[in-house]
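Line by line, the protein sequences are chains A, B and C.
This note's numbering puts the first residue of the first sequence at 1, with every later residue one more than the last.
This note's numbering puts the first residue of the second sequence at 306, with every later residue one more than the last.
This note's numbering puts the first residue of the third sequence at 843, with every later residue one more than the last.
It should be emphasised that the hints constitute simulated quantities derived from the structure, not laboratory data.
Cβ atoms here follow ideal geometry from the backbone N, Cα and C, with glycine treated the same way.
Any given hint might turn out to be false.
Here chain A is said to cover these stretches of chain C; the calculated rule only asks that three of the stretch's residues, wherever they fall, bring their Cβ under 8 angstroms from a Cβ of chain A [to be verified]:
id, segment
1, 871-884
2, 939-951
3, 989-1000
4, 1005-1019
5, 1067-1081
6, 1099-1112
Computed, partial: chain A to chain B, Cβ under 10 angstroms [unchecked claim]:
id, residue
7, I75
8, R76
9, P79
10, D90
11, Q91
12, A138
13, R196
14, E197
15, S244
16, L246
17, P266
Okay, the calculated bits of chain C under chain B, using three or more residues with CB under 8 angstroms as the criterion [claimed, not checked]:
id, segment
18, 925-934
19, 1088-1096
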Amino acid sequence: MAGITGKDAALTAYANALATEAPKGRSLTQDALRRLFNNKAALVSIFVLTAIVLFALVGPYFLPWAYDKIDWAGIRKPPDWAKGHYFGTDQNGRDMLARTLQGTQMSLLVAGVATFVSVVIGILYGAIAGYFGGKIDAVMMRFVDIMYALPYILFVIILVVIFGRSPVLLFVGIGCLEWLTMARIVRGQTLSIKQREFIEAAKAGGAGPFTIIFRHIVPNLTGPVVIYATLTIPEIIITESFLSYLGLGVQEPQTSLGTLISFGAPVAEALPWMLFTPAAILVTMLLCLSYLGDGLRDALDPKDR
Amino acid sequence: MKITQVLKAVTTAGALALMMSSAALAVTLNLGNGSEPGSLDPHKASGDWENRIIGELYEGLVAEDAQANAIAGQAESWTISDDGLVYTFKLRADANWSDGVPVTAQNWVDAFQRLFDPKTAAEYAYLQFPIKNASKINAAEITDFSQLGVKAIDDKTLEITLEASTPFFLQALTHYTGYPIRKDIIEKFGDQWTQPDNIVGNGPYKLVEWVPGSYLRGVKSDTYYGKDNLKIDEVRWDNTEDLTAALNRYRAGELDILTDFPADQYKFLQDNYPGQAHVAPFLGIYYYVLNQSKPPLDNVNIRKALSLSVLRDVIGPDVLGTGELPAYGWVPNGTANYEGTPYAPDWAEWPYDQRVEEAKKLMAEAGYTPENPLKLQLRYNTNENHQRIAVAITDMWKQIGVQVELFNAETAVHYDALRAGDFQVGRAGWLMDYSDASNTLDLLKTGTTQEGVMNWGNNYGRYSNPDFDSLMDQASKELDLVKRSDLLHQAEAKAMDEFAAIPIYWYVSKNVVSPKITGFEDNAKDINRIRWMSKSE
Amino acid sequence: MFGYALRRVLTAIPIVLITITVCFFILRLAPGGPFDGERALPPDVMKNLRAHYNLDQPLISQYFIYLGGVFRGDFGPSMVMEDFSVSRLISIGLPFTLMLGFSAFVVGTVAGMIAGAVAAVQQNKWPDYLLVAIVLIGIIIPNFLMANLVQLFFGVYLRWLPVGGYQPGSIAHLVLPVLILSLPHGGRVARLVRGSMIEVLGTNYVRTARSKGLGTRLILARHALKPALLPVVSYLGPGLSYLLTGSLVVEQVFALPGIGKYFISAALNRDYGLVLGTTILYVFIILALNLIVDVLYAWLDPKVRYR
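With the hints as constraints, model all of the structure from the sequences given.
The structure is reproduced here in structure tokens:
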């Protein structure tokens, strides 16, 4: 059973060790990596993910069709090996595989950057609110409540008006939408963590509030944060397709996985190849990300050390 | 174990509900109506999805037959004066409102006065502007409503006087802006008068239920003069904003008629449900507006090059998949009172290569080549079909030295930009309000100055040619239909020769009709009244 | 605790006011208005329409007119669904959306907790992998795609359930919508429960309990469940508010009479009155849910104290 088999016996000492200084003498990273590589699902996921990323980056150079090239003789055609449309074409006669790979690149970029932005903002905001508590907490969290309630589409539309359309804005926009829930979760966890003995010990040792937050609280948030981040990625990919729909996001002829799937979903029966390729990649990718997330969580969890 | 029990209970309950509902009622037509109606007030409605409901709850002086031609409705007969200015309608003796009150000529006097009252702010009031003093009352230039050219001679006789002879006036009266209203009901219930409990109509069906976002339900009206001929006892207009889901519902037998379907499913429907998908010509044009108020599109040769290099034959059949016909002119084929050969430029017959060569030459003359391309922004409102067409045309323009940046936005933002003239190339479309060439040609008339501001109306591209304007002006005063048609033809040719816009295709209507339904006839106005239909189980 | 709750309720007033204010002015900043459709309205009509909805007055007086209305409980008319007032639309749609959201919430939370707990106990064994895979599919597949697939499968091919539409009183019409709505929520709950449960199972007191020879079930019920629920509880607030307003796709696909779709469509249509009305409603829902969650938190974790 997990948790009781041969892990560190000196578990009771870990809090005190953490409270004074990060343990020295053995590399945390090495330790975490060892744990990660012991997790078969995570290992397979890393392998598949790397393969997908590599394929998305390198694959387009080996395909006979570019993602924006129109094949006027092959509009909405099923897979045709002779012509090099291995996964069919869309209603504009563009190669589905080439478009899917381009869309994968785009979605990886959007999801990566937006998740990073939302995690960073969410952790900082939530940890600060939770740690300081009292009035600061109340004001900060009521701000989150207001942000929740306001129709974010309007923000997005106004952002476009003010800054014009740019992919950078897209990442920022999505990141700014997604950090709210993260902040709430982090704040909740912080409220409970800050009552623990090791925080008291750190305080007694004279550590400043930000030292405590970054050295002692944030590392203990890894579990929920990693899991929630892996939950956020699918949402970000779908949000991106919606923002693109509004004209903020990715512009034709470029595309993204979310957009491809939203075009493919209605024709699941009539033109199944339009759904199959992007959906297969998205599902595989996100499955792997989640298994990897679980593995990371287990490996990084300071309590298991 | 428990889950299966729950499932069983749920399905039995559902089946029971279905059985009960079908046993209790005779014939129900389930119609996939499209969007949610914004209003059932004939003076506030603006969409065909609203027309489909309002047109069953009310009936005008003239109504539509199964082919959507004007036939006698609440008026059993009418006479038109020799100069075409005075219409005298004789109302049916058995025309009644759904609360039993007889329909009178005064109901139309009330309706038109309300329609043109500036306070009503009726969007489509302009459709009835042929009526004497209508536009002046609407613009608050005349405040005495009795000067309106609509008079009740007696209870059953109505006289309508026009500003000028208008060949399409009877057609215009079939529109819901020509329906009668019950002033007493509106005054009694105020904003609430269109709610099922309050609304009183004079049409074949009366509204009994309105669940916003889901459906409306109507039942046969006992007071309708033709109630004995109605084969459908009950209608349910379902919200089918999601076309794919609507098609799924149709395939499961939950809906009998769909008033739109996803173009991508056309072939699938033809293969699996032969004869059920109806695609028919529809009076409307899909086009690209070119902003001629600023360079570079004020240059007619660039506009010509852009138009020549659009291969229209590929758009309908391949890109959209529903076979829309290519458009080169501005007035749809089959428009009433518009005989003669449709406008067709000579280059339309050229092989595509020759057109591209000519376009390249024109662009080179203007100083643009593929190496030194003209950069254009193409705006469209977000929609899968608009996007595909934009992508296809971007590719067509690339070869003549035009580099297009695509820019999509939601409807409000898109049209806001078009109206403000803040665009270069923009997508637009026009579905005709009534079958007359002036309805589309008016889109190209020079704007009018109002309170010091130029109002371009729907002429987003700001095309302006005094000759065109004067031809349109002459046509509006011409009584002789043949001469009028000739003037309109000249105007169309003038504007199209100057590439006032880029027509792309003629719209088609798309319906899916179950084999159980008879009496549904495709027509160019895409108006199919339920009173002509029947349903077999 | 009671004093704390009371203070939270009092602080809700300025929050609602701020929300109304920000939303009101943001709305007017966005380009396009409620009457910018495909066709240009004649200037006179436009003028009359604007006058009808007070849009021709200075923005600041419009704002106070609106606030005055809100205090009297009048949220004004809808500018797109002209036959209804905003209050009426909400009063028709809200009960349905609440019913749909709560059903999905209960189904998703219960199923998610069970799945998450089982997966945690069986960590890194095949039931864990299988459950995680199912849960992930539920989260990953976008609901518009999932809705189309279940409609085709259960409605068109198998003919077990109605494909869509709404029939007052018919439960069968709600099975598929609730399923689609509860899938991602249940999935998230399952992931969070699994994660925190694994964490809790690794703590000292659980080890101690085990070493005392207590059975797995007893440990779960007595020691592991409550602390493992902590991160889940802080998700339930956002989760429920998401269910109550995220029913947009489900309502549209199944043509259901809820208010979920107004959150998006009203903003897109620039239906000023409806946007403000739904936003006010939403802020109330969020404030109430957050309060409940915070109180629950204090109950679950005695170390958390409110002053």
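> Quick one, is the A:R76 hint okay against chain B at 10 angstroms, beta carbons?
Replying inline: holds (7 angstroms)
> Does the interface hint hold: is A:Q91 within less than 10 angstroms of chain B, judged Cβ to Cβ?
Replying inline: Holds: closest Cβ of chain B sits about 5 angstroms from A:Q91, inside 10 angstroms.
> Minimum Cβ distance from A:S244 to chain B below 10 angstroms?
Replying inline: holds (8 angstroms)
>> Verify this for me: three or more residues of the segment 1088-1096 of chain C with a beta carbon less than 8 angstroms from a beta carbon of chain B.
In response: holds (count 4)
>> Restraint: A:L246 near chain B, CB-CB cut 10 angstroms. Satisfied or not?
In response: At about 6 angstroms, which falls below the 10 angstroms cut-off, the nearest Cβ of chain B leaves the hint on A:L246 intact, so it holds.
> Residue count check for the segment 871-884 of chain C against chain A: does it reach three with CB-CB under 8 angstroms?
Replying inline: Per the Cβ count (3), the hint holds.
> Taking the least C-beta to C-beta distance, is A:E197 closer than 10 angstroms to chain B?
Replying inline: violated (45 angstroms)
> Would the stated hint for A:R196 survive a check requiring a Cβ distance to chain B of less than 10 angstroms?
Replying inline: violated (41 angstroms)
> Against chain B, is A:P266 within 10 angstroms by beta-carbon distance?
Replying inline: This interface hint holds because 4 angstroms falls under the 10 angstroms limit.
> Okay, the segment 1005-1019 of chain C and chain A, do three or more residues pass the C-beta test at under 8 angstroms?
Replying inline: Coverage by chain A is violated for the segment 1005-1019 of chain C (0 residues, Cβ < 8 angstroms).
>> How does the segment 989-1000 of chain C fare against chain A when you require at least three residues with a CB closer than 8 angstroms, holds or violated?
In response: Result for this restraint: holds, n = 3.
> Are there three or more residues in the segment 1099-1112 of chain C whose C-beta lies closer than 8 angstroms to some C-beta of chain A?
Replying inline: The restraint on the segment 1099-1112 of chain C holds, since 5 of its residues have a Cβ under 8 angstroms from chain A and three suffice.
The structure fails hints 2, 4, 9, 12, 13 and 14 (numbered hints given earlier, in ascending order).
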